[in-house]
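**Student:** Position chain B with the ligands against the provided structure of chain A, taking the given hints into account.
As they're listed, the protein sequences go chains A and B. Residue numbering for the first sequence follows my numbering, starting at 1 and increasing by one per position. Residue numbering for the second sequence follows my numbering, starting at 1 and increasing by one per position.
These aren't lab readings, by the way, just hints derived from the structure by calculation. Please note: incorrect hints may appear among the correct ones.
[To be verified] Simulated coverage check for chain B against chain A, where a stretch passes if three residues somewhere in it have a Cβ under 8 Å from a Cβ of chain A:
1. 74 to 82
2. 88 to 99
3. 161 to 170
[As the list claims (entries may be wrong)] Here are a few chain A residues that face chain B, going by a calculated C-beta distance under 7 Å:
4. GLY156
5. TRP157
6. PRO261
7. THR304
8. SER327
9. GLY328
10. SER330
11. PRO393
12. VAL395
13. GLY467
Think of the CB as a built atom: it goes at the ideal place given N, C-alpha and C, for glycine as much as any other residue.
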Amino acid sequence: MEESLRHRAPHSALGRAGVSFAQLDTFWRKWVFSTDHKVIGLQYLGIASVMGVVGAFAAYLMRWQLAFPGSSAPLYGVLDPPPYNAWLTMHGTIMMFFVAMPLLLGAFGNYLVPLMVGARDMAFPRLNMVSVWTLGLASAIFLASFFVEEGPAAAGWTNYTPLSADPAFTGVGVGFDLWLVAVFVDFAAVLMSGINVLTTALNLRASGLTLMRLPLFVWTQIVAAVLFLFSAGPLMGAILMLLADRHWGTGFFLADRGGSPLLWQHLFWFFGHPEVYVILLPALGIFLEVFPTFARRPIAAYGTIVAALWASAALSFVVWAHHMFVSGMSVQLALPFSITTIIISVPFAIVLFALIATLRGAELQSATPFWFALSAVATFLLGGVTGIFLGSPAVDMYLHDTYFVVAHFHYTLFPSVVLGGFAGIYYWFPKMTGRLLGERLGQWHCGLTFVAFQFVFLPLFVAGVAGHMRRVYDPSYYAFLEPLLPLHRVATGATLVLLAAQILFLVNVVWSLWRGRVAASNPWGGTTLEWATTSPPPHENFAVAPVVVREPYLYARAAAGRVPNPQWSS
Amino acid sequence: MPRFLAEVIPRSSWPPAASSFAAEVDSLFLAITVVVGVWWVASELALVAWTWAALRRRHSAVVTASDRRREGRWILRLAALVLVCDLAIEARGHGLWARIVAPPPRTALPIRIEARQFAWLVHHPGRDRTLGTADDIELQNELHIPVGEPVEVRLTSRDVIHSFFLPAMRVKQDVLPGTEARRWFVATQAGSFPLACAELCGFGHYRMAGELVVHDPASYEELAGERTPIGVHREGES
Ligand code: HEM
Ligand SMILES: [Cu+2]
Ligand SMILES: [Cu+2]
Numbered sequence: 001m002e003e004s005l006r007h008r009a010p011h012s013a014l015g016r017a018g019v020s021f022a023q024l025d026t027f028w029r030k031w032v033f034s035t036d037h038k039v040i041g042l043q044y045l046g047i048a049s050v051m052g053v054v055g056a057f058a059a060y061l062m063r064w065q066l067a068f069p070g071s072s073a074p075l076y077g078v079l080d081p082p083p084y085n086a087w088l089t090m091h092g093t094i095m096m097f098f099v100a101m102p103l104l105l106g107a108f109g110n111y112l113v114p115l116m117v118g119a120r121d122m123a124f125p126r127l128n129m130v131s132v133w134t135l136g137l138a139s140a141i142f143l144a145s146f147f148v149e150e151g152p153a154a155a156g157w158t159n160y161t162p163l164s165a166d167p168a169f170t171g172v173g174v175g176f177d178l179w180l181v182a183v184f185v186d187f188a189a190v191l192m193s194g195i196n197v198l199t200t201a202l203n204l205r206a207s208g209l210t211l212m213r214l215p216l217f218v219w220t221q222i223v224a225a226v227l228f229l230f231s232a233g234p235l236m237g238a239i240l241m242l243l244a245d246r247h248w249g250t251g252f253f254l255a256d257r258g259g260s261p262l263l264w265q266h267l268f269w270f271f272g273h274p275e276v277y278v279i280l281l282p283a284l285g286i287f288l289e290v291f292p293t294f295a296r297r298p299i300a301a302y303g304t305i306v307a308a309l310w311a312s313a314a315l316s317f318v319v320w321a322h323h324m325f326v327s328g329m330s331v332q333l334a335l336p337f338s339i340t341t342i343i344i345s346v347p348f349a350i351v352l353f354a355l356i357a358t359l360r361g362a363e364l365q366s367a368t369p370f371w372f373a374l375s376a377v378a379t380f381l382l383g384g385v386t387g388i389f390l391g392s393p394a395v396d397m398y399l400h401d402t403y404f405v406v407a408h409f410h411y412t413l414f415p416s417v418v419l420g421g422f423a424g425i426y427y428w429f430p431k432m433t434g435r436l437l438g439e440r441l442g443q444w445h446c447g448l449t450f451v452a453f454q455f456v457f458l459p460l461f462v463a464g465v466a467g468h469m470r471r472v473y474d475p476s477y478y479a480f481l482e483p484l485l486p487l488h489r490v491a492t493g494a495t496l497v498l499l500a501a502q503i504l505f506l507v508n509v510v511w512s513l514w515r516g517r518v519a520a521s522n523p524w525g526g527t528t529l530e531w532a533t534t535s536p537p538p539h540e541n542f543a544v545a546p547v548v549v550r551e552p553y554l555y556a557r558a559a560a561g562r563v564p565n566p567q568w569s570s
Numbered sequence: 001m002p003r004f005l006a007e008v009i010p011r012s013s014w015p016p017a018a019s020s021f022a023a024e025v026d027s028l029f030l031a032i033t034v035v036v037g038v039w040w041v042a043s044e045l046a047l048v049a050w051t052w053a054a055l056r057r058r059h060s061a062v063v064t065a066s067d068r069r070r071e072g073r074w075i076l077r078l079a080a081l082v083l084v085c086d087l088a089i090e091a092r093g094h095g096l097w098a099r100i101v102a103p104p105p106r107t108a109l110p111i112r113i114e115a116r117q118f119a120w121l122v123h124h125p126g127r128d129r130t131l132g133t134a135d136d137i138e139l140q141n142e143l144h145i146p147v148g149e150p151v152e153v154r155l156t157s158r159d160v161i162h163s164f165f166l167p168a169m170r171v172k173q174d175v176l177p178g179t180e181a182r183r184w185f186v187a188t189q190a191g192s193f194p195l196a197c198a199e200l201c202g203f204g205h206y207r208m209a210g211e212l213v214v215h216d217p218a219s220y221e222e223l224a225g226e227r228t229p230i231g232v233h234r235e236g237e238s
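Just chain A, with the same shape it has in the complex (with noise of 0.2 Å):
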């Protein structure tokens, strides 16, 4: 960590005072239309952090509503069913498409994946800012379907047919056409990104830096950007086919016109469910480079991971029909679905048990990224285990559509999307403004927000088993579930106490902005190639281009404790 303090100090346009004309060009130029793929990477975050705010929103207002059906929700007022069915589908929604696939794609892909190979920018420049700029389009009309006449869509996340097909069923008309074409806009962008990723990953490598030397985060971002292109055109192009059924009298998804509902399903989960692993493996990637970094010793069994990723990702094509075990399809097609989502199980335990291992023989040294990476796989552990009920055909009969889904899900997706990319944001935050993140505000930011959020799951784990059904607007109109209503409250108040600890992060930002240390190129110890440049780096990344030697995550031996053996030759 005493490396010699090579830095710059982060250079910002905003912070002078008199702008001037030739300034303000230096302005666009460089934040706006930039085709630096740190830039890039950064606006991605700002995206997926303002997206994630409405999304934030949209949690709190649900949760107020089931643990105080039909009063005033403070900063909104009081929450009716339609609206509470339009929030829903923004929140799934956002989350998915407008905050995991922007933050964990978006930002870290193309902020890292240049830097761990050691090119000096993305294979396609100019293509990579139109993804950018395609995603903040998306972005838009997605938001400006809350501002049309009949609100935003109101179908859910999943927009099941016909639902979803017809404005009569839900009063809502212009806000779905606004969600499939965001969706299909979105799609578009995250396929431009992943084919810069996929070819930047595998064209652009330093020399000496072979494939089985990549740091798995980049393994993880190229298995994810594989997947996406192999899963987002079923629904994109279900997509076009559900607008000419709302618009141009086919009849694909509606029953009474020849066609078949449950299509859509098909289509829907047969990109869902690689999806949730496109949203996952990057957050594993951070997790692979978190851990080794600060327990100072290799990852264990790192070709094994490969593989497992490998397998996770062929496995995820065959699975998706595990969502629709009681959806009337045909009940023998449920035995070799629900083998291979069963199975699915072993390649993730074999990345989880390959992090905990790392903790073996470790010698920590304790900082934030390392507290919210393990925070994250603690949390996962948990959603990972709840998914084989589910894909037990009897039980699931029981469970699906109830909270237990809800909570499932919900503990593999928030570690991945808010605990591993917080892990990430305070890992990187120095490599990318030179600042270092303050650690007693981090800590307990990351402390609060895993203790709330154990609160604001787990009970709905028991609701979900006590058949609490989701979806439902006032729970207390069932006599069955009005019993339920004090877990509701846990998890509210729990809500609310997680939100707010976000506050310590803010403040942090701000300050350390400001205020921080400065932080040398490498300050975490780390063996891969970002921490070999500047921190930022320069335009174009590397002063000279780097030679790797070794596979990363080494370390030595020294008097003071162990030092790393980065990858590159010095």
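**Tutor:** Same frame as chain A, but now just chain B with the ligands:
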């Protein structure tokens, strides 16, 4: 503490296991809980214990390539054990699923249910046990069945997808427009149980509630003997 728990987790109010396979579903749930619970607890313990140990370790030897090979072998062994557990769960669950979705006995009492935004229209067969005859009884949001007899519900939807959910029977079946889904079960306990919609079907989804009344044989005969619909006819509440 126990009293607090009892208040927060009101076990007694949970849906009873009131169908022929409900208890089996619950015991499969418990079996899975035990198996995955062991893995979960062991993993969390390893995570915490090694973190704890690593926090206080200083100036230890570095991890060598042969250490890592040994760890790799252990990871694969454990993964194989996970696979064995998976297959055991699968094997245990498969027979139950096969029985649940097997064709119903020929004597099963047929009941036709049409779902629509936001109500259940239940068409009972009446005393002659056949649908489409003069003594049929149509009720809204009320499903009457005899205890101890196989009952087959035939579900269709007039508009969107709904999901027919009887928590106490551990029965759930999506209801699609344009197709008829069938599900059968045997209620083992007389009484009144909730009927709910489990699939988001529009703004009134949360109040698409109904009631399942399981009668003992005598009271079912009596009910089926009446020609006019009995019970509260909840038209207009949707
Ligand atoms: C503070 C954290 C969060 C809270 C309190 C929260 C709360 C909720 C609530 C109350 C629901 C609706 C339950 C229902 O009515 O059925 C929901 C649904 C959902 N949430 Fe979250 N959530 C949080 C974070 C996240 C994150 C990080 C993600 C994903 C990255 C996510 C993805 C979803 C999805 C996909 C749905 C399903 C929406 C649907 O049913 O259409 N949530 N969440
Ligand atoms: Cu899935
Ligand atoms: Cu419904």
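**Student:** Each hint should be assessed against the structure and marked as holding or not.
**Tutor:** Hints versus structure:
1. Against chain A, the stretch 74 to 82 of chain B contributes 6 residues with a C-beta closer than 8 Å to a partner C-beta. That satisfies the three-residue criterion, and the hint holds.
2. Counting residues of the stretch 88 to 99 of chain B whose beta-carbon sits less than 8 Å from any beta-carbon of chain A gives 6, enough to reach three: the coverage restraint holds.
3. Residue count for the stretch 161 to 170 of chain B with a Cβ under 8 Å from a Cβ of chain A: 5. That meets the three needed, and the coverage hint holds.
4. At about 5 Å, the closest approach between the beta carbon of GLY156(A) and any beta carbon in chain B falls short of 7 Å, and the interface hint on this residue holds.
5. Among the interface hints, the one on TRP157(A) is violated; its C-beta lies about 10 Å from the nearest C-beta in chain B, farther than the 7 Å criterion.
6. Given the 7 Å rule on beta carbons, the hint for PRO261(A) holds: about 5 Å separates it from the nearest Cβ of chain B.
7. At about 6 Å, the closest approach between the beta carbon of THR304(A) and any beta carbon in chain B falls short of 7 Å, and the interface hint on this residue holds.
8. At about 5 Å, the closest approach between the beta carbon of SER327(A) and any beta carbon in chain B falls short of 7 Å, and the interface hint on this residue holds.
9. Nearest Cβ of chain B to the Cβ of GLY328(A): about 5 Å, under the 7 Å cut. The hint holds.
10. Proximity of SER330(A) to chain B is violated relative to the hint, the smallest CB-CB distance being about 10 Å (cut-off 7 Å).
11. The beta carbon of PRO393(A) is positioned within 7 Å of a beta carbon in chain B (closest approach about 5 Å), and the interface hint is therefore held.
12. Proximity of VAL395(A) to chain B holds as hinted, the smallest CB-CB distance being about 5 Å (cut-off 7 Å).
13. Among the interface hints, the one on GLY467(A) holds; its C-beta lies about 4 Å from the nearest C-beta in chain B, closer than the 7 Å criterion.
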